[in-house]
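Each chain, letter by letter, is given below.
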Amino acid sequence: GAGVSQSPRYKVAKRGQDVALRCDPISGHVSLFWYQQALGQGPEFLTYFQNEAQLDKSGLPSDRFFAERPEGSVSTLKIQRTQQEDSAVYLCASSQNRDRVYEQYFGPGTRLTVT
Amino acid sequence: DAKTTQPNSMESNEEEPVHLPCNHSTISGTDYIHWYRQLPSQGPEYVIHGLTSNVNNRMASLAIAEDRKSSTLILHRATLRDAAVYYCIPRRNTGTASKLTFGTGTRLQVTL
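Chains as they are written, first to last, in our numbering: chain A, 1 to 115; chain B, 1 to 112.
I should point out that these hints are in silico values taken from the structure, not numbers from a laboratory. Every residue, glycine too, gets a C-beta built ideally from N, C-alpha and C. Do not rely on the hints blindly, as some may be mistaken.
[Stated by the list, open to error] One-sided excerpt, in silico: chain B residues whose CB lies under 8 Å from chain A: (1) Q42; (2) P44; (3) Y46; (4) N56; (5) A97; (6) T101; (7) F102; (8) G103.
[Said to hold, decoys possible] Cut-off 25 Å, straight-line C-alpha distance, at most; resulting in silico cross-link-like pairs (DMTMM-like, lysine to aspartate or glutamate): (9) A:K11 to B:E45; (10) A:K14 to A:E44; (11) B:K3 to A:E68; (12) B:K3 to A:E103; (13) B:K69 to A:D56; (14) A:K57 to B:E11; (15) A:K57 to B:D31.
[As the list claims (entries may be wrong)] To give an idea of the chain B side of the interface with chain A (calculated C-beta under 10 Å), a few residues: (16) Y36; (17) S41; (18) G105.
Bound conformation, chain B alone (with noise of 0.2 Å):
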């Protein structure tokens, strides 16, 4: 599996947009990116994923860098309720269910 690098924690102020980097330099060229994310005393729920375009949902837009060592999700505007662990998980696409291998994510902070 891929290895990620996340920073322990991040603080935003909430109306704002918040950046979440993660490297992934040694993901493989069909790995896909996933993003989970844990609110506090809940199961991590499932945020975005992309290959190599930038992608955008209802949650959040996921820009990937072109190497794809490195991407970015990016919360519009923070709310008190994104507060939680992010996780930037690189996964193979085996064509079926796979595991997920969380590394310790970024902690984000929303603040008033």
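If we strip away everything but chain A, and leave its shape as in the complex, we get (with noise of 0.2 Å):
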């Protein structure tokens, strides 16, 4: 069946410029996860929704990032006035809540690079 998918791939902005990052999860996964990944770092947690509830956004780096699910299938990622910190891979990833492992599927992520 079908995974995670990131959209856009790749997004070149200017400091300054708002971004949006679409994330489509595994249709039925009831969380799902947004993570940053530095270059040469581990992926970090960002946030984390059950369903369209925002349960945990302490990994969200400043009051510029802004994720949201609506409907609790689809979310985006809002990043506002970006900095060229912001330059990273930003991974979605989803997970059924209906076994013991919890296994999260991970989307290809998209590269972001702030100019």
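Fit chain to chain and form the complex, with the hints in mind.
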């Protein structure tokens, strides 16, 4: 079946621009996560949704970062007034809550470059 | 979250077994040990997990020390497609999905 998809795959933004990154999780997956991965580092948690409820946003680095999942499926990560330090790969993952493993399925990521 | 220590990089020849170690001396008694890997230009993918007993699946085996302070991911016959960064992640079983806390992982190179 279809996996997690993300769009766009690559985004170049000028410093100060707003960007919106989209995640389509696996159909029926209740949980959705966003991670940020800087070059040469492991992914770092940003935020977590269970259905449409944002249960944890402790990883969002500033109030310029905002995520939503209004209907409990597709999610959008928005970054306002982008800065160079926002350049990274943004990964989305989804998980079903029906088994004890809670394996996360990741999308390919969106590579954001802020110039 | 429990802290993990993994070698930065390892090399293996194709068709040979690979043992990827992880130290997690501060792991709590209820944390599962998960392994994910990340192939180049892709998102991470789940490999295997365990609590106390050794585990096997189609991708790999996981050997967990008796004191649970360390574990080893075993790839029985490495192929070029196994070249990736491997992450060891202690993870609390909270009864629902929880975030993954990645370290810097071990970059595995596989050569002919």
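Structure-based check of each hint:
no., hint, verdict
1, Q42, "holds (6 Å)"
2, P44, "holds (5 Å)"
3, Y46, "holds (4 Å)"
4, N56, "violated (15 Å)"
5, A97, "holds (4 Å)"
6, T101, "holds (7 Å)"
7, F102, "holds (3 Å)"
8, G103, "holds (6 Å)"
9, A:K11 to B:E45, "holds (23 Å)"
10, A:K14 to A:E44, "holds (24 Å)"
11, B:K3 to A:E68, "violated (31 Å)"
12, B:K3 to A:E103, "holds (20 Å)"
13, B:K69 to A:D56, "violated (29 Å)"
14, A:K57 to B:E11, "violated (38 Å)"
15, A:K57 to B:D31, "holds (22 Å)"
16, Y36, "holds (8 Å)"
17, S41, "holds (7 Å)"
18, G105, "holds (6 Å)"
When the structure is compared with the earlier hints, violations turn up for hints 4, 11, 13 and 14 and for no others.
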